[in-house]
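Novice: Residue numbers (my numbering), protein chains in the order written: chain A, 5 to 252; chain B, 97 to 606.
FYI, nobody ran anything at the bench for these hints, they're computed from the structure.
There may be inaccurate statements among the hints.
To be verified - So these bits of chain B aren't anywhere near chain A, every CB distance computed over 12 angstroms: (1) Q198; (2) A329; (3) T502; (4) K509; (5) S511; (6) A512; (7) L515; (8) A519; (9) A521; (10) W524; (11) R525; (12) R533; (13) I602.
Claimed, not checked - Partial selection, computed: residues in chain B whose CB lies under 7 angstroms from chain A: (14) V391; (15) I504; (16) A506; (17) E510; (18) A514.
Where is the CB? At the ideal position from N, CA and C, for every residue including glycine.
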Amino acid sequence: MFALNDVTKIYAGQPALGPVSLTFPVGRTTVLIGPSGCGKSTLLRLLVGLVKPDDGAVIFDGTPVSPSNARAVRLRTGYVIQDGGLFPHLTARGNVTLMARHLGWDHGRINARLAELAELTRFPLDGLDRFPQQLSGGQRQRVGLMRALMLNPDALLLDEPLGALDPLVRADLQTELRDVFRAVGKTVVLVTHDLGEAAYFADLVVLLRDGRILQQGSASDLWHRPADPFVTRFVQAQRGPEVRDNEP
Amino acid sequence: MSHETNTRNNGWRVCSSAFVALLAIVAILSPGCSRPANRPVVVGAKKFTESVILAEMGARLAREGGVESRRDDLGGTPALWLALTQGDIDVYPEYTGTITRQMLKADPPDLSEALAARGIRIGKPLGFRNNYALGMRKDTAANKGITKISDLRGHPELRLGFIHEFLDRPDGWPGVKRHYDLPQANVQGMNHTLAYRALVEKAIDLTEVYTTDGEIAQYDLLVLADDRNFFPAYEAVWLYRADLGDRHPKVVEQLRRLEGRISEPDMQRMNATVQEEKRDEGLVAGEFLGRVLNVGDGGQSSDGSLAGRLLTTTVEHLWLVVPSLLAALLVAVPLGILAARHPAIGRIVLAVTGVIQTIPSLALLLFMIPVMMWLVGKGTGAPPAVAALFLYSLLPIVRNTYAGLTGIPAPLKESAEALGLPAWAILWRVELPLAARTILAGARTAAVINVGTATLGGFIGAGGYGRPILRGIDKFDIPLMLEGAIPAALLALAVEGLFELAERAISRRG
Ligand SMILES: Nc1ncnc2c1ncn2[C@@H]1O[C@H](COP(=O)(O)OP(=O)(O)OP(=O)(O)O)[C@@H](O)[C@H]1O
Ligand SMILES: [Mg+2]
Numbered sequence: 005m006f007a008l009n010d011v012t013k014i015y016a017g018q019p020a021l022g023p024v025s026l027t028f029p030v031g032r033t034t035v036l037i038g039p040s041g042c043g044k045s046t047l048l049r050l051l052v053g054l055v056k057p058d059d060g061a062v063i064f065d066g067t068p069v070s071p072s073n074a075r076a077v078r079l080r081t082g083y084v085i086q087d088g089g090l091f092p093h094l095t096a097r098g099n100v101t102l103m104a105r106h107l108g109w110d111h112g113r114i115n116a117r118l119a120e121l122a123e124l125t126r127f128p129l130d131g132l133d134r135f136p137q138q139l140s141g142g143q144r145q146r147v148g149l150m151r152a153l154m155l156n157p158d159a160l161l162l163d164e165p166l167g168a169l170d171p172l173v174r175a176d177l178q179t180e181l182r183d184v185f186r187a188v189g190k191t192v193v194l195v196t197h198d199l200g201e202a203a204y205f206a207d208l209v210v211l212l213r214d215g216r217i218l219q220q221g222s223a224s225d226l227w228h229r230p231a232d233p234f235v236t237r238f239v240q241a242q243r244g245p246e247v248r249d250n251e252p
Numbered sequence: 097m098s099h100e101t102n103t104r105n106n107g108w109r110v111c112s113s114a115f116v117a118l119l120a121i122v123a124i125l126s127p128g129c130s131r132p133a134n135r136p137v138v139v140g141a142k143k144f145t146e147s148v149i150l151a152e153m154g155a156r157l158a159r160e161g162g163v164e165s166r167r168d169d170l171g172g173t174p175a176l177w178l179a180l181t182q183g184d185i186d187v188y189p190e191y192t193g194t195i196t197r198q199m200l201k202a203d204p205p206d207l208s209e210a211l212a213a214r215g216i217r218i219g220k221p222l223g224f225r226n227n228y229a230l231g232m233r234k235d236t237a238a239n240k241g242i243t244k245i246s247d248l249r250g251h252p253e254l255r256l257g258f259i260h261e262f263l264d265r266p267d268g269w270p271g272v273k274r275h276y277d278l279p280q281a282n283v284q285g286m287n288h289t290l291a292y293r294a295l296v297e298k299a300i301d302l303t304e305v306y307t308t309d310g311e312i313a314q315y316d317l318l319v320l321a322d323d324r325n326f327f328p329a330y331e332a333v334w335l336y337r338a339d340l341g342d343r344h345p346k347v348v349e350q351l352r353r354l355e356g357r358i359s360e361p362d363m364q365r366m367n368a369t370v371q372e373e374k375r376d377e378g379l380v381a382g383e384f385l386g387r388v389l390n391v392g393d394g395g396q397s398s399d400g401s402l403a404g405r406l407l408t409t410t411v412e413h414l415w416l417v418v419p420s421l422l423a424a425l426l427v428a429v430p431l432g433i434l435a436a437r438h439p440a441i442g443r444i445v446l447a448v449t450g451v452i453q454t455i456p457s458l459a460l461l462l463f464m465i466p467v468m469m470w471l472v473g474k475g476t477g478a479p480p481a482v483a484a485l486f487l488y489s490l491l492p493i494v495r496n497t498y499a500g501l502t503g504i505p506a507p508l509k510e511s512a513e514a515l516g517l518p519a520w521a522i523l524w525r526v527e528l529p530l531a532a533r534t535i536l537a538g539a540r541t542a543a544v545i546n547v548g549t550a551t552l553g554g555f556i557g558a559g560g561y562g563r564p565i566l567r568g569i570d571k572f573d574i575p576l577m578l579e580g581a582i583p584a585a586l587l588a589l590a591v592e593g594l595f596e597l598a599e600r601a602i603s604r605r606g
């Protein structure tokens, strides 16, 4: 679905990402993992044209992403940014349906889709008319997810969707998210710091460091066949559940 | 450096053309900006009692001549002269000394010929003289042994208070000082009525007086002899536009009936009646006309009841505030958006609106007279006031729009963009609603400033609460001042309340 060909992004003279070449296969979940500041969010921004590469090309569905088609790419891609990015002046319903209303969907269609999504993400219906600051952290994450899924996009980009949640809610949401991914059969790119979480979701895990890909493969590849001493350090620094070989 | 200057020059060019466009918008929004062919005869008045009484007589006589007529209070001589030559007013009472020394700045052998060259006619003297003179308390003068102006040379310590106009006029303080070689340095500018109060309270020792002032007798003041003949004769005359005679010959005929009919004691008495007894100028003027020329309905007041006056001033005030504020919103919000989008333009926009804010409001108001004359053909009354208020209201709204938009957290902008919304929809559906509270706070500041500043409209005949306030100050008539000041304060409170409600409605949404 997405591909990066020798992409480099430079901020203030420093390469924030790249050069990186990477393919995100259709219908699969790719997890980006790596230390803070390694360029994960930058990579997601490049995919939907929110930032322009200084070198190389970003490909979506066979065509290079450019300012002229970036909006079309975004309409086919749901993106939950790192901080959720819910609009405080709109209710949960207003946030989720904003784009559909802008596109002129009729009420019936909007409401039907909203009900479907609330069911899928197990979002309480009475929460729909509350403003983001009146919702719990977990509920906000679900609203962000519903908003990204509203237009039934082909791809889903999630930047640390489960950060800052208590472990129980997080585990619940992980299960739900995985169900959602399986149910909708979309191309998913997910960013996390947590190797356990990566293992849980990923068809492919990509470990980044300082804007470069250090290793890509399954979670167990990283655990048992590290390509670099840093991979070993990164993996061992995770105090999460141990990942066994050939799992999942 | 050169680059910097360059940008700024370009900016100024952009801004000055933008400025003209803005004023045009204001002109369209301001009430009564077009000049109807059949407009009433407007009689100008300076902001002091005698001038107002004479203008009231003029308006009544013009009505006697069969046309609609009203009085328009404008600031000082320059404003009236401008208004007369530009056609905002048709006629006003002036003094010959002022015409030669201040307007023509020459003493031509034939005054009417010199004025005719400018399209202005001058009538014959109305009968009385109102000379400038210097006045003191009798006891102070006796203590220091002063009886004439040349005696002042020995008393450099004297504290002087003059109206601003007298301080500037060549036939005023600068001329007297030079002519008599006077040493006094402690000179303040103040309102004429306040100067009299200050003199009586011994806060100052000397002020300028007009020889017909009611206060001279009221406070028993000494008028210093002009022993070296500095002050010229100030004979009251009508100055009117040459075309008034063509348009309304009857009106000119009526006005000229007053020539030679007002004696000095008459004028002093009328001034004193207004000043001391707080009688309405229109009533006094009407009584005089009825008695001397057998004109009109005796002395009916043109002002009506308190409730009626309040209604009129309130409506007039709102006609200044509402159009200027709406125009400012229409212009300032887009300017704020532009500033937030383009930092380079933003700096210029914020600087220019900031500079406008530092211009003293009265100066801006007077500056708007020729500008609006040029733009909409009406240099007095509401248009220049609305234009000045519009300019004053810009800054708070521009600044808050800019602050509101630039203060939106980057992640929110990013997620709006990531949804695939086009730029205008991001602005409309996300950024403006998020900035709404800040923008509203700016509008609130602008509105409250606007309500207060609009009282200055009284200086250029724009009406509103400023009229009773300024007349009240002039006559030292406190109830009359309060008749403008209290409603102005209440209106400001009401505006605050309205915005409070609007802000609450917005916050309820999040
Ligand atoms: N707009 C920007 N301007 C300048 N530098 C930037 C900008 N955005 C990101 N960077 C820099 O680029 C690098 C990569 O940033 P990025 O946000 O992609 O990291 P990340 O992997 O998402 O980190 P985290 O896990 O903390 O979210 C960082 O060094 C960051 O400081
Ligand atoms: Mg990040």
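Novice: Next step is simple, just say for each hint if it's right about the structure.
Specialist: Against the structure, the hints come out as follows:
1. The Cβ of Q198(B) sits about 60 angstroms from the closest Cβ of chain A, beyond the 12 angstroms cut-off, so the non-interface label holds.
2. For A329(B), the non-interface assignment is confirmed: its Cβ lies about 72 angstroms from the closest Cβ of chain A, beyond the 12 angstroms cut-off.
3. Distance check for T502(B) against chain A: the nearest CB is about 17 angstroms away, which clears 12 angstroms, and the non-interface claim stands.
4. Chain A draws K509(B) into its interface by the beta-carbon criterion, the shortest separation being 9 angstroms against a cut-off of 12 angstroms.
5. Annotated as non-interface, S511(B) brings its C-beta within 12 angstroms of a C-beta of chain A; the closest such distance is 3 angstroms.
6. With a cut of 12 angstroms on Cβ distances, A512(B) falls inside the contact zone with chain A, its closest approach being about 7 angstroms.
7. Under the 12 angstroms C-beta cut-off, the non-interface status given to L515(B) relative to chain A is violated; the minimum distance is some 5 angstroms.
8. The claim that A519(B) is not at the interface with chain A is violated, since a C-beta of that chain comes within 12 angstroms of its own (minimum 10 angstroms).
9. With a closest Cβ-Cβ approach of about 6 angstroms to chain A, A521(B) is found to fall inside the 12 angstroms limit, against its non-interface label.
10. Remark: the non-interface label on W524(B) conflicts with the geometry, its nearest Cβ contact in chain A lying 10 angstroms away (cut-off 12 angstroms).
11. The claim that R525(B) lies off the interface is violated: its Cβ sits roughly 7 angstroms from the closest Cβ of chain A, which falls inside the 12 angstroms cut-off.
12. The non-interface label for R533(B) is inconsistent with chain A: the shortest C-beta to C-beta separation is roughly 9 angstroms, within 12 angstroms.
13. For I602(B), the shortest C-beta to C-beta distance to chain A comes to about 9 angstroms, within the 12 angstroms cut-off, and the non-interface label is violated.
14. Taken as an interface hint, V391(B) does not check out: its beta carbon lies about 67 angstroms from the nearest beta carbon of chain A, beyond 7 angstroms.
15. Proximity of I504(B) to chain A is violated relative to the hint, the smallest CB-CB distance being about 10 angstroms (cut-off 7 angstroms).
16. For A506(B), the shortest C-beta to C-beta distance to chain A is roughly 10 angstroms, which exceeds 7 angstroms, and the interface hint is violated.
17. Restraint check, E510(B) versus chain A: the minimum CB separation of about 6 angstroms is within 7 angstroms; hint holds.
18. About 4 angstroms separates the beta-carbon of A514(B) from the nearest beta-carbon of chain A, less than 7 angstroms, and the hint is met.
Hint compliance for this structure: hints 4, 5, 6, 7, 8, 9, 10, 11, 12, 13, 14, 15, 16 are not met, and every other hint is.
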